[in-house]
Amino acid sequence: MEQKNNTLLIYTLLYFAFLYIPVLFLPIFSFNDANYMSFPLSGFTTEHYEEMWAKTNLHKALWASIKVGVVASVVSTTIALFAAKAFARYKFRGQNISYGAIMIPFLIPEIILAVAILVIWLSLGFKLGLVPVTLGHILFCTPFAMLILIARIEGFDFSLEEASRDLGENAWGTFYRVSLPLYLPGIIASLLLSFIISFDEFVLAFFLTGSDATLPMYMWAQMRFIQKLPHVLALGAVIIVFTTFIVLLAFWLRNLGQGKEKAEFGIKIHE
Amino acid sequence: MNDSFIQINGISKHFGNVKAVDDVSFQIKEGEFFSLLGPSGCGKTTLLRLLAGFEYPTSGNLLLDGSDITALPPDKRPTNMVFQNYAIFPHINVEKNVQFGLRKLGLTNDEIIKRVKDVLSLVKLEGYEERYSSQLSGGQRQRVALARALVRQPKVLLLDEPLGALDKKLRDEMQLELRTLQKEIGITFVFVTHDQQEAISMSDRVAVMSEGKIQQMSSPNELYKNPQNIFVSDFIGETNFLKAKTESKDGEYINVNIEDLGSFKIKNNLNINENASDVICSVRPETMMIDKEKSDWDICLEGKIKQTSYLGEMTKFYVETKEIEKIITVSSQYFDNQSFQDGKCFISINLNDISLLNKK
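Residue numbers (numbering that gives the first Met the number 0), protein chains in the order written: chain A, 0 to 270; chain B, 0 to 359.
Don't take each hint at face value.
[Claimed, not checked] Derived pair list, reagent style DSS-like, types lysine-lysine, alpha-carbon separation capped at 27 Å:
id, chain 1, residue 1, chain 2, residue 2
1, B, 291, B, 315
2, A, 227, A, 66
3, B, 303, B, 293
4, B, 264, B, 242
5, B, 113, B, 182
6, A, 90, B, 18
7, B, 182, B, 116
8, B, 95, A, 84
9, B, 75, A, 84
FYI, nobody ran anything at the bench for these hints, they're computed from the structure.
Computed from a predicted model, the values in this text were never measured in an experiment.
Model the full structure from these sequences, guided by the hints.
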């Protein structure tokens, strides 16, 4: 019995090591006083971070990524909210097929999606830039948003909405006073995760950005020059910390209020 | 009082091929405690939801206090509902739950405060204003649901099996309380339940439903004493069914030949014809007598007790007789099993206690 537990523990530790050791190298080398990623470490410095901060191109790329991420997450979460509500609330003909149809972008290789959008976009005579990237990201984020929102809305007691109608609220009042506050943790989780997915996305951006680089595109461009590597490491370390924080926050929010403490955790927005 | 306060005129509701409610018409009186009773799937909840406006009828119309409400959405109807699972909003406290429906009524702040206070005292929930649903017991949630609906002073209160989730003792208490409350405030209650005892003990009138149709609508007493068909007789209380054939009509009476027992003259409540049709005689267990000795009642059969179940206030005996193939259920306050030697007994029936039903 005891031995079995140890085996499992070792397995678990190995698993986490496999997941996180490569990622840990990034922050370590970002503080290393050298232009190369190699051991032994040659001294501590924050120089790379200062260098990173000074790059105006990076600021531009960051701003582009934020714009794309905000629009993509808001639009995909909105679409997914309506769809998730329909899937959780009603049984309708073609339900499984439409569910599959929404989830497929999640499974199609991104490069195929990217090429497809590129071909259509150019053949329609539009210019490349942040707009097609945003559209691509909406397509790509919607299945993620759906998964999160369906998990939240499934098991939702729809008699609460009926009770609200019964107590004199119309459909909008019911949405605002009952559904929205109860879905809100899921909605915020979906916004955060969609934003992060868009923020980190490379393949679609690579094909569709044209000259307006997003942050991953900027990093990719910088890595062609060895002397620019250290500040990309610094940037990478910052992004890892930021992403981890957002993802943890999103998961915490998604599970919020699904346990016993539902009432205490409910979010009061209409008061 | 208005005898046709709620008018249900030829209401049908179909879900695909299923006729959940099948051409139902009846009226509910103002201030009445009215129950819709039936097994699950009989259409009683659908009918209630049609009244609330959560469903719209396939055909027919609904009138409430003289005005047609058939096409009104739930928020425009002067009805309020107590949900089966109470549907207390989990993100707001008891006070906010009760206030929820007052926002659109155009009341002043003082009026809102007064109404909430009054209704919370009516349902005995003073001091619970700050609690959330998760901090309340089942019975308290039920009171919140009641308060939240009553605070709007609806013309009709709709209750969807509100006592189903409570344990037996609390359920009995709430039955009595609901009944008292309804008499006190005088609002028309339409109460849905599958529990015949609940319906009988609380209601002024009961509609027994099965397969989307009303089987019988009458006072609880009438329902028990004079069931109109086998379904009602079987569903309300417990009974023994004996097969019989009609012979000849005799005024209010009819001669029937009860299988294995012979001919008897029985009151013909349902005005059954005499043309040798198959009928069913229903005899309630508590109308029969079980004894060690023979009696001079209209029918007296010798039998053997196969099994007994002791219920506290009475004992049920399952008796096998020579004449009747089926085991007869008799209940009695007087005897326990020890009174009978080797289970030998006599069961006696008065013809007055037999009700005649059409065989379907």
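Against the structure, the hints come out as follows:
1. Between the alpha carbons of residue 291(B) and residue 315(B) the distance comes to roughly 15 Å, so the proposed pair stays at or under 27 Å and holds.
2. In summary, the hint linking residue 227(A) to residue 66(A) is supported, as the alpha carbons are separated by about 25 Å, within the 27 Å threshold.
3. Annotation: proposed proximity of residue 303(B) to residue 293(B) holds, straight-line Cα distance about 13 Å (limit 27 Å).
4. Restraint check for residue 264(B) and residue 242(B): satisfied, since their Cα atoms lie roughly 15 Å apart, inside the 27 Å limit.
5. Distance check on the hinted pair: residue 113(B) and residue 182(B) sit about 22 Å apart at the alpha-carbon level, within 27 Å; holds.
6. A distance of roughly 19 Å separates the Cα atoms of residue 90(A) and residue 18(B); the hinted pair therefore holds under the 27 Å criterion.
7. Pair hint residue 182(B) plus residue 116(B) holds up; C-alpha atoms about 20 Å apart against a cutoff of 27 Å.
8. A hinted pair counts as satisfied when its Cα atoms are at most 27 Å apart, and residue 95(B) with residue 84(A) qualifies at roughly 26 Å.
9. In summary, the hint linking residue 75(B) to residue 84(A) is supported, as the alpha carbons are separated by about 24 Å, within the 27 Å threshold.
Consistency with the previously given hints is maintained throughout, with no hint failing.
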